[in-house]
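One line per chain: the protein sequences are Z and G, in this order.
Per our numbering, residue 1 is the first one in the first sequence, and the count goes up by one each step.
Per our numbering, residue 165 is the first one in the second sequence, and the count goes up by one each step.
Don't read these hints as lab results, they were simulated from the structure.
Cβ coordinates follow ideal geometry from the N, Cα and C atoms, glycine included.
Any given hint could be a false lead.
Straight line, CA to CA, 27 Å or less: simulated DSS-like cross-link-like pairs of lysine-lysine [to be verified]:
no.: 1; chain 1: G; residue 1: K265; chain 2: Z; residue 2: K15
no.: 2; chain 1: Z; residue 1: K45; chain 2: G; residue 2: K325
no.: 3; chain 1: G; residue 1: K265; chain 2: Z; residue 2: K156
no.: 4; chain 1: Z; residue 1: K150; chain 2: G; residue 2: K279
no.: 5; chain 1: G; residue 1: K258; chain 2: Z; residue 2: K149
Short derived list, chain G residues pointing at chain Z, Cβ under 7 Å [said to hold, decoys possible]:
no.: 6; residue: L172
no.: 7; residue: P181
no.: 8; residue: V196
no.: 9; residue: D200
no.: 10; residue: K202
no.: 11; residue: G211
no.: 12; residue: R214
no.: 13; residue: F216
no.: 14; residue: G346
no.: 15; residue: Q348
no.: 16; residue: P353
no.: 17; residue: E357
no.: 18; residue: G362
no.: 19; residue: S367
no.: 20; residue: A375
no.: 21; residue: L376
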Amino acid sequence: MSIRNEPNVLSRMEKTGSDILKCMHCGVCSGSCPSGRHTSLNVRKLLKKARNDTAVLSDDSLWMCTTCYNCQERCPRGIDIVDAIFEIRTLAVHEGIIYPEHRMVGELLLEHGHAVPINEENRAKREALGLDPLPPTVHSFPEGLEEVKKLLASCKFDELMSEK
Amino acid sequence: MANVSLFLGCVIPNRYPGIEKSTKLCLDKLGVDCVDLKGASCCPAPGVLRSFDKATWLALAGRNIALSEELDRDLLTICNGCYGSLADANHEVKADEQLKKDVNTHLGKIGRSIKGSHDVRHITEFLYKEVGSEKIRDIITHPLELRVAVHYGCHLLKPSKGRIGSSVERPSFFDELVEATGAQSVEYPDKMECCGAGGGVRSALPDEALALTGHKLSMIESAGVDCIVNACPFCHMQLDVGQVDLNEKNGTSHNIPVLHYTQLLGLALGYSVEDLGIDLNAVVDLEFLEKILSDS
Ligand code: SF4
Ligand code: SF4
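Work out the full structure: start from the sequences and follow the hints.
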């Protein structure tokens, strides 16, 4: 995948206060990581990679983090590790590096205002429980959905989710 | 007691409406002043949408919070993910004037603004602080004789900055709430570990998510419990549907009922399995249901 803007990943981390240069490579983050127990994610190595080059943006393990915050809570250097992961992911998505399933979540949000919208099966479940078939969210309030769509357009989220 | 508006999010009303019903039944019995937060949207989901674009995440969270501020109420969530997004967004906006201005530039286009005047609450934290486990113990009518694996889930407690103030390594308030129903909270290995669903892992990498879920379930099973009790519909879905997925994929025979806390409390208040939508889960264990019914 091509990196159009050659973003400097490290400078972006510094801007958010996630100073990954303070890392002393103790490995507490990796040792605390439930995902790393079962997948190829090594969060210490991921952050180290982010210091060097933009290859981190297409690293498969970037999306294996469940954002459980174990690493961040335990880091002896107080590095906001998950915020750093969010930043790296954001750079990746803005470069068009995104799983099709995640793009679909974005599309559902754009269309329905819900990342998980209602379906027939669950309308029926709601009625069986004595609830309205549609919840009192944007599903029942079209003018609310219009507001959400305006906000998403104002943030250019529609452009971000469109295939580039 | 703080007046609240009920924020439903996506997974509860659209996949597990039993949790919505249970919450309303319980809050009503407890005399909590709570109204629907009408016209709210996705929180938005912290793991994916916050990853994609922070400005979008803040704008949508800001609108939901602004709706609750307009009602002069704290915003009550029943989901760890919603709580994570909305509490963190609220915290960031309250702490940073410039950020608040940026969010309000977007919100101004729909004639709204976020002031930072109210708090975002989570149902377990709210019940613990505003009602208290003693009062819950006093008003339950059908004490439950159940062995329960309590699953806190991650975003209820973490990131700890600007949050509940509970220990993130060894919290106990949720166990206390569970025990107030008469049930026993059973210790099990890796109790504080993640269900595997968050961060967009469930949506894009389901096998990786299931590897974490399988481990968690095997630890829970080793403790010999009647059910799992959680505080989050996303964990709920992963632990419930995940059992079916794992059984299909690996030939395992997981069969543990999964309840949101409001469903457990609802049982202790005398509501039926059907009232509370516990029978609408993917995993329905008849033995467990019979035990509940014979006790009540
Ligand atoms: S826990 Fe903190 S200091 Fe230790 S390796 Fe991880 S990021 Fe570096
Ligand atoms: S937040 Fe992500 S990287 Fe950190 S411990 Fe949890 S899964 Fe691992």
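Against the structure, the hints come out as follows:
no. : hint               : result
1   : G:K265 with Z:K15  : holds, 19 Å
2   : Z:K45 with G:K325  : holds, 25 Å
3   : G:K265 with Z:K156 : holds, 18 Å
4   : Z:K150 with G:K279 : holds, 20 Å
5   : G:K258 with Z:K149 : holds, 25 Å
6   : L172               : holds, 6 Å
7   : P181               : holds, 5 Å
8   : V196               : violated, 17 Å
9   : D200               : holds, 4 Å
10  : K202               : holds, 5 Å
11  : G211               : holds, 5 Å
12  : R214               : holds, 6 Å
13  : F216               : holds, 5 Å
14  : G346               : violated, 25 Å
15  : Q348               : violated, 26 Å
16  : P353               : violated, 12 Å
17  : E357               : holds, 5 Å
18  : G362               : holds, 4 Å
19  : S367               : holds, 5 Å
20  : A375               : holds, 4 Å
21  : L376               : holds, 6 Å
In this structure, the earlier hints numbered 8, 14, 15, 16 are contradicted, and the remaining ones agree with it.
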